[in-house]
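Undergrad: Work out the full structure, taking the sequences as your base and the hints as a guide.
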Amino acid sequence: MDLNELKSTWDQSGGRKKSQSELQWMTRIKNHPKLGRAKVKLIIETILLVAFLSVYYDILDGGNKPLWLNYTLIISMLLFIGNNISGYLTLLNPVQGDNITTSLKNLKLKLRRLLILSVVSSFVFGVALLLFLSLNVHLTPKKYALLAGMILTLGIMTYLSYKTWLSRMNQIHQSAMEFSEAAA
Amino acid sequence: MEKAFLKMVDEHQRIIYQVCRMYRDTREDQEDLFQEIVFQLWKSFPSFRNESKISTWMYRIALSTSIATFRKKSLPLDFHENIPEAFHPREVEDIPENEARMYEALRSLDTAERAIISLYLEDYSYREIAEITGFSENNVGVKINRIKTKLKSILN
Numbered sequence: 001m002d003l004n005e006l007k008s009t010w011d012q013s014g015g016r017k018k019s020q021s022e023l024q025w026m027t028r029i030k031n032h033p034k035l036g037r038a039k040v041k042l043i044i045e046t047i048l049l050v051a052f053l054s055v056y057y058d059i060l061d062g063g064n065k066p067l068w069l070n071y072t073l074i075i076s077m078l079l080f081i082g083n084n085i086s087g088y089l090t091l092l093n094p095v096q097g098d099n100i101t102t103s104l105k106n107l108k109l110k111l112r113r114l115l116i117l118s119v120v121s122s123f124v125f126g127v128a129l130l131l132f133l134s135l136n137v138h139l140t141p142k143k144y145a146l147l148a149g150m151i152l153t154l155g156i157m158t159y160l161s162y163k164t165w166l167s168r169m170n171q172i173h174q175s176a177m178e179f180s181e182a183a184a
Numbered sequence: 001m002e003k004a005f006l007k008m009v010d011e012h013q014r015i016i017y018q019v020c021r022m023y024r025d026t027r028e029d030q031e032d033l034f035q036e037i038v039f040q041l042w043k044s045f046p047s048f049r050n051e052s053k054i055s056t057w058m059y060r061i062a063l064s065t066s067i068a069t070f071r072k073k074s075l076p077l078d079f080h081e082n083i084p085e086a087f088h089p090r091e092v093e094d095i096p097e098n099e100a101r102m103y104e105a106l107r108s109l110d111t112a113e114r115a116i117i118s119l120y121l122e123d124y125s126y127r128e129i130a131e132i133t134g135f136s137e138n139n140v141g142v143k144i145n146r147i148k149t150k151l152k153s154i155l156n
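Residue numbers (my numbering), protein chains in the order written: chain A, 1 to 184; chain B, 1 to 156.
Quick caveat, the hints were computed from the structure, so don't treat them as lab data. Treat the numbers as computed from the prediction; the structure is a model and nothing was measured. Wrong hints could be hidden among the right ones.
As a list, the in silico DSS-like pairs of lysine-lysine whose alpha-carbon atoms are at most 27 Å apart [said to hold, decoys possible]: (1) 53/B x 3/B; (2) 30/A x 43/B; (3) 17/A x 150/B; (4) 17/A x 7/B; (5) 110/A x 43/B; (6) 43/B x 105/A; (7) 39/A x 163/A; (8) 17/A x 53/B; (9) 18/A x 53/B; (10) 34/A x 18/A; (11) 43/B x 34/A; (12) 18/A x 43/B; (13) 43/B x 53/B; (14) 34/A x 142/A; (15) 7/A x 148/B; (16) 43/B x 7/B; (17) 3/B x 43/B; (18) 41/A x 17/A.
TA: Okay, here's the thing in C-alpha cells:
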C-alpha cells in the first residue's frame with residue numbers, strides 16, 4: 001500500500017452510521033460507560049460521609065475528645081470529600097485547553113495535584129479517625145485487633161487510591177511527553 | 001440546541017469513527033470512546049463560537065478526548081516493522097482488508113503522530129494542524145515528512 005492508497009482508504013473508511021436517537025442516548029451521563037458509575041459512587045460516598053459527620057459527635061462521644069481532634073476529623077473528612085469531587089470533575093472534563101498540547105499539559109498538572117491530595121487526604125482522614133476512635137478508650141486485645149484491622153484497611157485504601165491516580169497520570173504523562181517533544 | 005447538535009454530529013460522525021479506530025484496538029474500546037467523544041462534544045457545544053469550522057472543532061475535541069481519557073491496560077504489543085498481509089488480529093472480519101491494514105499501521109505511530117497524520121489525511125493546512133495540536137507550522141511540516149517515511153516502511 002503506498003501513500004496515495006492510504007489516503008483513498010482513509011477517505012472511504014467509515015463505520016456503521018449511528019442514528020440520532022443513539023447519539024442522543026450517548027449525551028446522557030447516566031449512559032456513560034464509566035462516569036455514570038463514578039457519579040453514583042461519588043454520591044453514595046458523600047452521603048455516607050456527611051451522614052457520619054452529622055452523627056459522629058453524639059454516637060462516638062465527641063464531647064469527651066479534645067477539641068483539636070474534633071476539628072481535625074471534620075477538616076480531614078471535608079478534605080477527603082472535596083478531593084473525591086475534584087477527582088470526579090477532572091474525569092468529567094478531560095479536555096483542558098484550546099489545543100491538544102496545552103490540554104494535556106493542564107490535565108497532567110491536575111492529575112499530579114490529585115495524586116498528592118488523594119494520598120494526603122486519605123491518610124490524614126484515616127489517622128484522624130483512628131485517633132478519634134482510640135483516644136480515651138480502654139484498649140483490650142480485641143480492640144487492638146480491631147484497630148490493627150482498621151490500620152491495614154487504611155493502608156490498603158490509601159495505596160489503591162495512589163495506584164489508580166498514578167496509573168492515570170502515567171498514561172497522560174507518556175502522551176504529554178510525545179506532544180511536548182513534537183512541539184519542541 | 002440539542003437538535004442542532006445531533007444534526008451536526010450526525011453529519012460529521014465519520015470523524016469520530018476514524019479517531020476511535022486510530023486510538024483504540026478493540027471494537028468494545030472503540031464503541032466506548034465513540035460514546036465518550038459524543039459526550040464531550042455535547043458538553044463543549046455551548047462554548048462553540050463558530051470561529052472555526054465545525055469539523056475543526058470536532059477534531060480538536062475528539063483527538064484531545066481520545067488521548068486524555070483513560071483506557072484499560074492492554075497486553076503488550078509485539079511491534080513488527082512490516083505488517084503481514086493477512087494478519088490483523090485486532091480488527092473484526094467485516095472490515096475491508098485495506099482499511100484494517102491502514103488502521104494497524106496508524107496505531108503503530110505514537111499518539112502525537114497519529115493526531116498529525118489524521119489531520120493531514122483530512123486535507124487540513126499546516127496552519128490548521130498547528131492550531132489544533134499546538135505545534136509550530138514548521139514542526140508540523142517536519143513531522144509530516146517523518147511520518148510519511150515511517151508509514152511507507154511499515155506498509156511496504
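Undergrad: Work down the list of hints and note, for each, if the structure agrees.
TA: Tested hints:
1. 53/B x 3/B: At roughly 19 Å apart (the allowed maximum being 27 Å), residue 3/B and residue 53/B satisfy the hint.
2. 30/A x 43/B: At roughly 14 Å apart (the allowed maximum being 27 Å), residue 43/B and residue 30/A satisfy the hint.
3. 17/A x 150/B: Violated, at about 32 Å.
4. 17/A x 7/B: holds, 13 Å
5. 110/A x 43/B: holds, 20 Å
6. 43/B x 105/A: holds, 21 Å
7. 39/A x 163/A: Distance of about 20 Å is within 27 Å: holds.
8. 17/A x 53/B: holds, 22 Å
9. 18/A x 53/B: At roughly 22 Å apart (the allowed maximum being 27 Å), residue 53/B and residue 18/A satisfy the hint.
10. 34/A x 18/A: It holds: about 21 Å lies between the C-alpha atoms, which stays within 27 Å.
11. 43/B x 34/A: holds, 16 Å
12. 18/A x 43/B: holds, 19 Å
13. 43/B x 53/B: With Cα atoms ~18 Å apart, residue 43/B and residue 53/B stay inside 27 Å; holds.
14. 34/A x 142/A: The hint is violated at about 40 Å.
15. 7/A x 148/B: Cα-Cα ~11 Å, so holds.
16. 43/B x 7/B: With Cα atoms ~16 Å apart, residue 43/B and residue 7/B stay inside 27 Å; holds.
17. 3/B x 43/B: With Cα atoms ~14 Å apart, residue 3/B and residue 43/B stay inside 27 Å; holds.
18. 41/A x 17/A: violated, 33 Å
In this structure, the earlier hints numbered 3, 14, 18 are contradicted, and the remaining ones agree with it.
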